[in-house]
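S.K.: Sequence:
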Amino acid sequence: MTAQDTAPSTTELKTPTSADLAQVFTTERPPRPSAWAASTTFGWRALLKIKHVPEQLFDVTLFPIMMTLMFTYLFGGALAGSPTDYLQFFLPGILVVSIVMITMYTGLAVNTDIEKGVFDRFRTLPIWRPAPMVGYLLGDGFRYLIASVVIVTMGLILGYRPAGGVTGVLAGVAVLLLFCFALSWIWTMFGLLLRSEKSVMGVSMMLIMPLSFLSSAYVDPSTMPNWLEAFVNVNPITFAVDSVRALMNGDWPGTDLLWLAILGAGLIAVFGAATMRLYNRK
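Our numbering puts the last residue of the sequence shown at 282; the count rises by one with no breaks.
These aren't lab readings, by the way, just hints derived from the structure by calculation.
Treat each hint with caution, since some may be false.
[Stated by the list, open to error] So the derived label-pair ranges between C-beta atoms look like this:
| # | residue 1 | residue 2 | range |
| --- | --- | --- | --- |
| 1 | Ala19 | Ile50 | 47 to 53 Å |
| 2 | Asn226 | Pro54 | 18 to 24 Å |
| 3 | Gln56 | Gly202 | 19 to 25 Å |
| 4 | Thr167 | Gly77 | 44 to 50 Å |
| 5 | Val234 | Ile50 | 32 to 38 Å |
| 6 | Gln56 | Thr15 | 31 to 37 Å |
| 7 | Leu278 | Glu55 | 40 to 46 Å |
| 8 | Arg129 | Tyr73 | 45 to 51 Å |
| 9 | Gln56 | Gly77 | 31 to 37 Å |
| 10 | Glu55 | Thr15 | 15 to 21 Å |
| 11 | Pro33 | Asn249 | 23 to 29 Å |
| 12 | Asp220 | Gly165 | 44 to 50 Å |
For each residue, glycine too, the CB sits at the ideal point set by N, CA and C.
My request is simple: use the sequences and hints to build the entire structure.
M.R.: In structure tokens form, the structure reads like this:
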């Protein structure tokens with residue numbers, strides 16, 4: 001083997017000609033995707049994760065079934081005389097509570113992508129800046145819908161009969177999904193702010209658990225001590241539970257739905273802005 005054979009080969013670099021440069025600068029650039037197109041693309045990315053790791057659906061299938069069965073048969077007889085009677089009051093509440101608990105996984109997904117360096121790539125793309133975040137929420141909306149179907153179906157099997165019929169159930173689920181979309185901005189903020197998945201999970205659970213149990217989901221607030229009833233009546237989860245319960249029962253929520261809409265708009269305005277500020281600085 002000669003020295004000529006072992007010498008590293010060199011690649012000749014070609015200097016671009018004026019014709020090459022003219023072609024580059026005169027070629028029309030692809031149009032920038034719209035905000036909706038970019039967001040739905042990231043939403044589709046979230047759904048593809050479920051396709052490749054279907055175990056992610058355990059928390060929106062097995063968890064709601066377990067919660068519904070456990071509370072119905074543990075507390076139904078003591079609180080309402082029979083599990084079936086309690087289910088008429090309880091099912092809209094457990095529907096809200098179960099899906100609210102699932103929303104915290106949005107923050108975990110955000111934090112995981114940060115740890116993998118995926119967010120650095122997102123920020124270099126010529127797209128609407130909030131699109132990755134909105135995409136997470138759109139993808140999770142599909143998970144919330146699955147959980148809603150599972151809980152309502154389980155309730156019907158156990159004896160729940162919504163006075164509002166199909167229309168009332170669909171309206172209640174729609175209101176719940178919109179509320180969860182607004183609520184999830186809190187967890188996206190935590191996903192960007194905190195440095196590990198365990199931290200995101202711990203802080204999220206610390207907020208969700210007391211708000212979920214100190215609400216009107218399980219019992220009528222009028223049976224509580226005055227000081228506790230006062231807190232429960234202004235709990236955001238209570239507004240969601242009462243709105244969904246009224247719609248599924250064929251009633252109009254009125255004030256509860258108005259307050260829920262104001263609260264949802266406030267959550268998006270405050271935590272959505274905080275999320276994007278952290279995202280741009282991350």
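S.K.: So, for every hint listed, does it hold in this structure?
M.R.: Hint check:
no., hint, in the structure
1, Ala19 <-> Ile50: 47 to 53 Å, "holds, 49 Å"
2, Asn226 <-> Pro54: 18 to 24 Å, "violated, 48 Å"
3, Gln56 <-> Gly202: 19 to 25 Å, "holds, 20 Å"
4, Thr167 <-> Gly77: 44 to 50 Å, "violated, 31 Å"
5, Val234 <-> Ile50: 32 to 38 Å, "holds, 36 Å"
6, Gln56 <-> Thr15: 31 to 37 Å, "violated, 52 Å"
7, Leu278 <-> Glu55: 40 to 46 Å, "violated, 29 Å"
8, Arg129 <-> Tyr73: 45 to 51 Å, "holds, 48 Å"
9, Gln56 <-> Gly77: 31 to 37 Å, "holds, 35 Å"
10, Glu55 <-> Thr15: 15 to 21 Å, "violated, 54 Å"
11, Pro33 <-> Asn249: 23 to 29 Å, "violated, 43 Å"
12, Asp220 <-> Gly165: 44 to 50 Å, "violated, 24 Å"
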